[in-house]
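Undergrad: Read off the chains here:
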Amino acid sequence: MNRIKQTFEQKKGSILSIYFTAGYPELNSTLNVAEALEKAGADFLEIGIPYSDPLADGPVIQNSSQKAIENGMTVKVLFEQLKDLRKRVSIPILLMGYVNPVLQYGVERFCASCAEVGVDGVIVPDLPVYEYEEMYRSCFESNNLSNIFLITPQTSDERIRKIDELSNGFIYLLSSSSTTGKNLAVSTQTEDYFRRIKNMKLKNPAMIGFGISNNKTFSKASEYANGAIVGSAFVKLLGCENYMEKIPEFIRSLKEG
Amino acid sequence: MNYQVNENGYYGTFGGAYIPEMLYPNIKELRETYLEMIADPVFKEEYLGLLKDYVGRPSPLYLAERLSEKYGANIYLKREDLNHTGAHKINNTVGQILLAERLGKKRIIAETGAGQHGVATATVCALKGLECVVYMGEVDIERQAPNVARMKMMGATVIPALSGSRTLKDATNEALRDWINNPVDTHYIIGSVVGPHPYPDMVARFQSIISEETKWQLLEKTGNSSPDYVMACVGGGSNAMGMFYHFLDNERVKLIAVEAAGKGVDSGESAATTLLGKEGVLHGSRSIVMQTEDGQVVEPYSISAGLDYPGIGPQHAHLYATKRAQYVSITDDEAMNAGLQLAKLEGIIPAIESSHALAYLDKMKFKGDETVVICLSGRGDKDLDTYMKYFNL
Ligand SMILES: Cc1ncc(COP(=O)(O)O)c(C=O)c1O
Numbered sequence: 001m002n003r004i005k006q007t008f009e010q011k012k013g014s015i016l017s018i019y020f021t022a023g024y025p026e027l028n029s030t031l032n033v034a035e036a037l038e039k040a041g042a043d044f045l046e047i048g049i050p051y052s053d054p055l056a057d058g059p060v061i062q063n064s065s066q067k068a069i070e071n072g073m074t075v076k077v078l079f080e081q082l083k084d085l086r087k088r089v090s091i092p093i094l095l096m097g098y099v100n101p102v103l104q105y106g107v108e109r110f111c112a113s114c115a116e117v118g119v120d121g122v123i124v125p126d127l128p129v130y131e132y133e134e135m136y137r138s139c140f141e142s143n144n145l146s147n148i149f150l151i152t153p154q155t156s157d158e159r160i161r162k163i164d165e166l167s168n169g170f171i172y173l174l175s176s177s178s179t180t181g182k183n184l185a186v187s188t189q190t191e192d193y194f195r196r197i198k199n200m201k202l203k204n205p206a207m208i209g210f211g212i213s214n215n216k217t218f219s220k221a222s223e224y225a226n227g228a229i230v231g232s233a234f235v236k237l238l239g240c241e242n243y244m245e246k247i248p249e250f251i252r253s254l255k256e257g
Numbered sequence: 258m259n260y261q262v263n264e265n266g267y268y269g270t271f272g273g274a275y276i277p278e279m280l281y282p283n284i285k286e287l288r289e290t291y292l293e294m295i296a297d298p299v300f301k302e303e304y305l306g307l308l309k310d311y312v313g314r315p316s317p318l319y320l321a322e323r324l325s326e327k328y329g330a331n332i333y334l335k336r337e338d339l340n341h342t343g344a345h346k347i348n349n350t351v352g353q354i355l356l357a358e359r360l361g362k363k364r365i366i367a368e369t370g371a372g373q374h375g376v377a378t379a380t381v382c383a384l385k386g387l388e389c390v391v392y393m394g395e396v397d398i399e400r401q402a403p404n405v406a407r408m409k410m411m412g413a414t415v416i417p418a419l420s421g422s423r424t425l426k427d428a429t430n431e432a433l434r435d436w437i438n439n440p441v442d443t444h445y446i447i448g449s450v451v452g453p454h455p456y457p458d459m460v461a462r463f464q465s466i467i468s469e470e471t472k473w474q475l476l477e478k479t480g481n482s483s484p485d486y487v488m489a490c491v492g493g494g495s496n497a498m499g500m501f502y503h504f505l506d507n508e509r510v511k512l513i514a515v516e517a518a519g520k521g522v523d524s525g526e527s528a529a530t531t532l533l534g535k536e537g538v539l540h541g542s543r544s545i546v547m548q549t550e551d552g553q554v555v556e557p558y559s560i561s562a563g564l565d566y567p568g569i570g571p572q573h574a575h576l577y578a579t580k581r582a583q584y585v586s587i588t589d590d591e592a593m594n595a596g597l598q599l600a601k602l603e604g605i606i607p608a609i610e611s612s613h614a615l616a617y618l619d620k621m622k623f624k625g626d627e628t629v630v631i632c633l634s635g636r637g638d639k640d641l642d643t644y645m646k647y648f649n650l
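For the protein sequence lines, the chains are A and B, in the order given. Going by my numbering, 110 is the number at position 110 of the first sequence; the sequence numbering is gapless. Going by my numbering, 506 is the number at position 249 of the second sequence; the sequence numbering is gapless.
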């Protein structure tokens with residue numbers, strides 16, 4: 001069974017997923033960071049493929065991507081690094097990246113490489129539903145890869161149903177329509193939206209992401225979804241000195257406050 | 258051959274709407290309403306009324322006699338430089354501001370390279386009393402200072418794009434990010450035939466007034482509405498698409514699109530997209546993109562801020578792939594000299610962007626009596642500083 005499904009079925013309590021950029025802060029830090037995150041108690045990971053023009057990202061992830069590219073990170077190098085992934089990390093791994101680097105690597109080759117190294121799912125924010133269905137779906141499915149779609153407070157119920165139908169891992173609920181790295185301000189509107197989604201009783205689990213940075217926002221998100229995803233706040237930590245030593249405390253404080 | 262967009266937003270294999278879900282509701286709204294709105298007689302009347310009384314259309318089609326004599330052809334200049342605000346960009350912003358108004362949007366955002374699109378956007382926002390925010394690369398803010406001042410005078414906020422190469426590509430990223438963060442009350446007026454569907458088609462339709470007028474003007478002047486050659490420069494490709502639009506299906510008319518070679522196509526400092534690029538996705542559409550093997554977008558270079566873009570619109574990619582239009586490139590030096598030549602021969606100082614189209618005349622061989630129309634997309638006022646430095650004026 002796909003590790004993502006297993007995690008959602010077996011884990012009691014809220015799920016914590018961490019995003020970080022591959023090749024940041026150092027070209028070869030990718031797997032060390034992943035391993036440390038698992039040890040510290042993260043439930044699954046999203047490894048970002050750096051891209052020169054990350055439209056959906058705020059300054060923190062933009063800068064980490066630029067640095068990673070300067071460090072020499074490419075899709076090819078990433079798959080090289082991930083050859084040892086399953087010797088060192090057992091939790092689910094998703095790759096998150098923009099469509100152009102995937103296209104240049106070759107979609108079929110990309111899916112095959114994911115399957116080969118033990119990646120469980122993919123998030124491509126600028127790959128829309130229509131293009132996914134027409135051109136990519138069969139390749140993802142034949143490699144047993146979950147494709148994760150995003151939804152926002154502006155996404156219509158009809159479209160959410162369609163996305164639920166196409167999804168086979170979880171649905172990525174954006175706390176608001178925003179780029180990454182803004183702080184979540186939970187208003188009654190946001191809560192209404194979270195509640196609306198919860199009441200739709202979707203077949204896929206949901207994770208809330210964008211703007212989750214501390215225990216308070218993580219706990220709030222967990223009330224309405226299966227868990228939450230932390231990105232920019234963790235990438236910021238990776239920019240500090242002795243970042244490896246700081247990972248356990250970062251995860252602990254997210255979970256326990 | 259069909260050169261127009263299909264119902265899924267594609268021109269052959271190019272186009273589409275590669276956008277994050279956050280932008281989907283806005284793009285869907287545009288997609289479902291733009292054709293109907295543009296076709297609405299009330300919209301049309303207001304659009305054409307503004308083009309006539311505010312922009313000053315029709316723009317003249319001028320037979321440049323001394324230039325014609327030099328090259329041995331009948332060379333006509335389509336004088337988009339005489340439009341209000343000094344370039345073709347305003348044809349599109351007038352159309353889009355009317356759309357935005359009908360969609361009930363209160364806030365307008367735009368990206369700009371040379372500043373011409375930013376100025377044209379600030380202008381129509383002032384006209385309609387709407388809030389206007391323009392993203393502009395930090396590098397371009399320096400080299401196009403007069404346009405920054407013009408935008409500010411008209412009440413726009415100019416925000417420097419500090420990421421990447423700090424030019425047009427990055428300004429476009431920042432505008433898209435702004436739209437993601439302000440999805441409800443904001444309309445994004447894209448300045449060229451780029452972006453997710455329906456933008457390339459929508460902008461092409463608004464710019465198509467250029468070739469629509471050219472046809473009847475030519476008929477009036479020569480008794481024949483089809484020229485032998487139609488030429489224009491290509492940044493994202495909006496003046497070229499407007500200039501080509503009504504000639505696309507008349508295969509006897511040869512279309513020439515001129516890209517910026519910068520310091521030379523092999524110099525590593527160039528913006529000749531069709532020559533140096535590959536198929537890829539940039540700013541929401543699949544097209545031809547200058548990029549590394551790994552799919553990272555390459556930072557382009559041109560002396561002209563308006564052509565300093567690593568992609569072209571998807572319809573251009575289709576015209577290139579089907580060979581309907583010929584894509585060529587001109588270096589900084591060739592363009593600068595062509596600009597100076599037009600000033601000396603015709604008393605017209607062109608934008609450096611437009612000078613690229615003019616410069617290609619030097620590389621053509623005419624059979625004598627052929628008719629050529631060149632889109633003079635803008636005037637050179639904004640570029641005086643660059644001309645002064647280059648020629649030690
Ligand atoms: C005068 C002029 N011509 C051409 C361009 C290039 O844009 P496009 O290729 O969309 O016409 C610009 C862009 O700023 C411009 O100002």
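The set of hints was computed from the structure by calculation and includes no laboratory data. Remember, it's a predicted structure, so these values are computed and weren't measured experimentally. Using N, Cα and C, we set each Cβ at its ideal position, and we do this for glycine too. It is possible that some hints are incorrect.
[Claimed, not checked] So these bits of chain A aren't anywhere near chain B, every CB distance computed over 12 angstroms:
(1) Lys5
(2) Glu38
(3) Asp53
(4) Lys76
(5) Gly97
(6) Pro101
(7) Ala115
(8) Glu131
(9) Arg159
(10) Ile163
(11) Ser176
(12) Ser177
(13) Lys182
(14) Ser187
(15) Tyr224
(16) Arg252
[Stated by the list, open to error] Selected chain B positions facing chain A (in silico; Cβ < 10 angstroms):
(17) Tyr291
(18) Arg543
(19) Thr643
(20) Lys646
[As the list claims (entries may be wrong)] Below are the DMTMM-like pairs computed for lysine to aspartate or glutamate, each with C-alpha atoms no more than 20 angstroms apart in a straight line:
(21) A/Lys67 - B/Glu556
(22) A/Lys182 - B/Asp435
(23) B/Lys620 - B/Glu470
(24) A/Lys67 - A/Glu223
(25) A/Lys67 - B/Glu286
(26) B/Lys285 - A/Glu241
(27) A/Lys162 - B/Glu556
(28) A/Lys255 - A/Asp43
(29) B/Lys520 - B/Asp619
(30) B/Lys646 - B/Glu556
(31) A/Lys76 - B/Asp435
(32) A/Lys76 - B/Asp523
(33) B/Lys327 - B/Asp619
(34) B/Lys535 - A/Glu108
Undergrad: Take the hints in turn and mark each one as holding or not.
TA: Evaluation of the provided hints:
no.: 1; hint: Lys5; in the structure: holds (23 angstroms)
no.: 2; hint: Glu38; in the structure: holds (28 angstroms)
no.: 3; hint: Asp53; in the structure: violated (5 angstroms)
no.: 4; hint: Lys76; in the structure: violated (7 angstroms)
no.: 5; hint: Gly97; in the structure: violated (9 angstroms)
no.: 6; hint: Pro101; in the structure: violated (4 angstroms)
no.: 7; hint: Ala115; in the structure: holds (20 angstroms)
no.: 8; hint: Glu131; in the structure: violated (6 angstroms)
no.: 9; hint: Arg159; in the structure: violated (8 angstroms)
no.: 10; hint: Ile163; in the structure: violated (8 angstroms)
no.: 11; hint: Ser176; in the structure: violated (8 angstroms)
no.: 12; hint: Ser177; in the structure: violated (4 angstroms)
no.: 13; hint: Lys182; in the structure: violated (8 angstroms)
no.: 14; hint: Ser187; in the structure: holds (14 angstroms)
no.: 15; hint: Tyr224; in the structure: holds (18 angstroms)
no.: 16; hint: Arg252; in the structure: holds (31 angstroms)
no.: 17; hint: Tyr291; in the structure: violated (18 angstroms)
no.: 18; hint: Arg543; in the structure: holds (8 angstroms)
no.: 19; hint: Thr643; in the structure: violated (27 angstroms)
no.: 20; hint: Lys646; in the structure: violated (30 angstroms)
no.: 21; hint: A/Lys67 - B/Glu556; in the structure: holds (16 angstroms)
no.: 22; hint: A/Lys182 - B/Asp435; in the structure: holds (13 angstroms)
no.: 23; hint: B/Lys620 - B/Glu470; in the structure: violated (27 angstroms)
no.: 24; hint: A/Lys67 - A/Glu223; in the structure: violated (35 angstroms)
no.: 25; hint: A/Lys67 - B/Glu286; in the structure: violated (37 angstroms)
no.: 26; hint: B/Lys285 - A/Glu241; in the structure: violated (45 angstroms)
no.: 27; hint: A/Lys162 - B/Glu556; in the structure: violated (38 angstroms)
no.: 28; hint: A/Lys255 - A/Asp43; in the structure: holds (11 angstroms)
no.: 29; hint: B/Lys520 - B/Asp619; in the structure: holds (18 angstroms)
no.: 30; hint: B/Lys646 - B/Glu556; in the structure: violated (24 angstroms)
no.: 31; hint: A/Lys76 - B/Asp435; in the structure: violated (32 angstroms)
no.: 32; hint: A/Lys76 - B/Asp523; in the structure: violated (26 angstroms)
no.: 33; hint: B/Lys327 - B/Asp619; in the structure: holds (10 angstroms)
no.: 34; hint: B/Lys535 - A/Glu108; in the structure: holds (18 angstroms)
Checked against the numbered hints given earlier, the structure breaks hints 3, 4, 5, 6, 8, 9, 10, 11, 12, 13, 17, 19, 20, 23, 24, 25, 26, 27, 30, 31, 32 and satisfies all the rest.
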